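Engineer: First to last, the sequence lines map onto chains H and L. Heads up, the first sequence is in the UniProt record's numbering, so the first residue is 1 and it goes up one at a time. Heads up, the second sequence is in the UniProt record's numbering, so the first residue is 1 and it goes up one at a time.
Worth flagging that the hints you see were computed from the coordinates, not collected in a lab.
It does not matter which identical chain is used: a pair holds within one copy or between any two.
Taking lysine to aspartate or glutamate and the EDC-like style, the derived pairs with C-alpha atoms no more than 20 angstroms apart in a straight line are:
1. 158 to 30
2. 97 to 58
3. 19 to 166
4. 17 to 43
5. 149 to 83
6. 19 to 170
7. 97 to 129
8. 158 to 25
9. 79 to 98
10. 97 to 47
From a predicted model like this one, the values you see are computed outputs, not experimental measurements.
Protein chains: 2
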Amino acid sequence: MSGDIVRIESRSGTALKLKRGQHLEVIDLEGGQVSDLLAFASDDPRESLSNGRTFDYEETIRLTTGSTLWSNRSNPMLKITHDDVGSHDFLLTPCSKDTFRHFYPDKPVHRGCFGNLAAALEPHGIAPDDIPCAFNVFMNVPVDGETGKLSVEPPISKAGDALRLEAQMDLVIGLTACSAYASNGGTFKPIGYRVT
Amino acid sequence: MSGDIVRIESRSGTALKLKRGQHLEVIDLEGGQVSDLLAFASDDPRESLSNGRTFDYEETIRLTTGSTLWSNRSNPMLKITHDDVGSHDFLLTPCSKDTFRHFYPDKPVHRGCFGNLAAALEPHGIAPDDIPCAFNVFMNVPVDGETGKLSVEPPISKAGDALRLEAQMDLVIGLTACSAYASNGGTFKPIGYRVT
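All chains should be built: construct the whole structure from the sequences, respecting the hints.
Structural biologist: Dropping the structure here:
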């Protein structure tokens, strides 16, 4: 991998363009942090990442090297080509003012990954209501197969661990350093990425 | 429950309005059938059912009596008030022409629940790209908590089994009798519903 590592500061987000065939590497710079990833088709952002279509076609809720992330129109958007961690979540939505009020009633309300993604994606013509479930890189969400119960646990990623994805079409990507308490064990660390 | 039972014929779908406080009962008339359920806010259909927000707030992927189904704007849409079956899916998207081509390459392509829902919802100003993951009533999708692998098994619902939901806001509902082979064990049966 070449390309400079860009740093997403604590509790913030960004948007970037990724051409078909380019790779996006998401790097946990300090370890134990989560990055919410969104993808939209460059030529029509009404086509976006779909957890349901991905679960349909991949026949698993655990995505790792070799898995494809699919769009709501049943097209491949991203393929995972390298994964140091093997623990990511595609069930849950980005944290938001509402999730802060719900889960942390005694703590200050933050606009969260949802607000950070909405702000970063607005210049690309993407409205808040267009934001689907994110692919939550490094997020550790065990699911009990019997009861269906899920919990949000601290990530198992270590400093320098990376996930690499290859764009299957031209994309607008949204990416955050997660703002919620539970998903990163109460720390708010930066996230790194690079494009090659 | 009063109200006449309406029959959704095999491999078709419908749309209906549900006022806040009304109950929708989905009835498996013959047993072993699935019904894909969508919900949109009547006053702004950009607010719609969200599997991710529901998994966030309910902290489970298994929804049954007492569970609330949430919108993408973090508002309660429907509350499950009665459940004869206890086995429903909220992971997978409605079957479509694309899923037929993918899973049943040797069988005739059908527009599926997705096409049926899109046609039924169009008069309500809802476009195909606005269709989120459905709440798949009676759909039997075991998930292996360790590997994440999922499979689509025949429903365990028997003739007459019902799921009842109470509207938490004024809603436009989309509802189908499922068209896919796997989800109803290769049968294509009708589904019943009534509003009270």
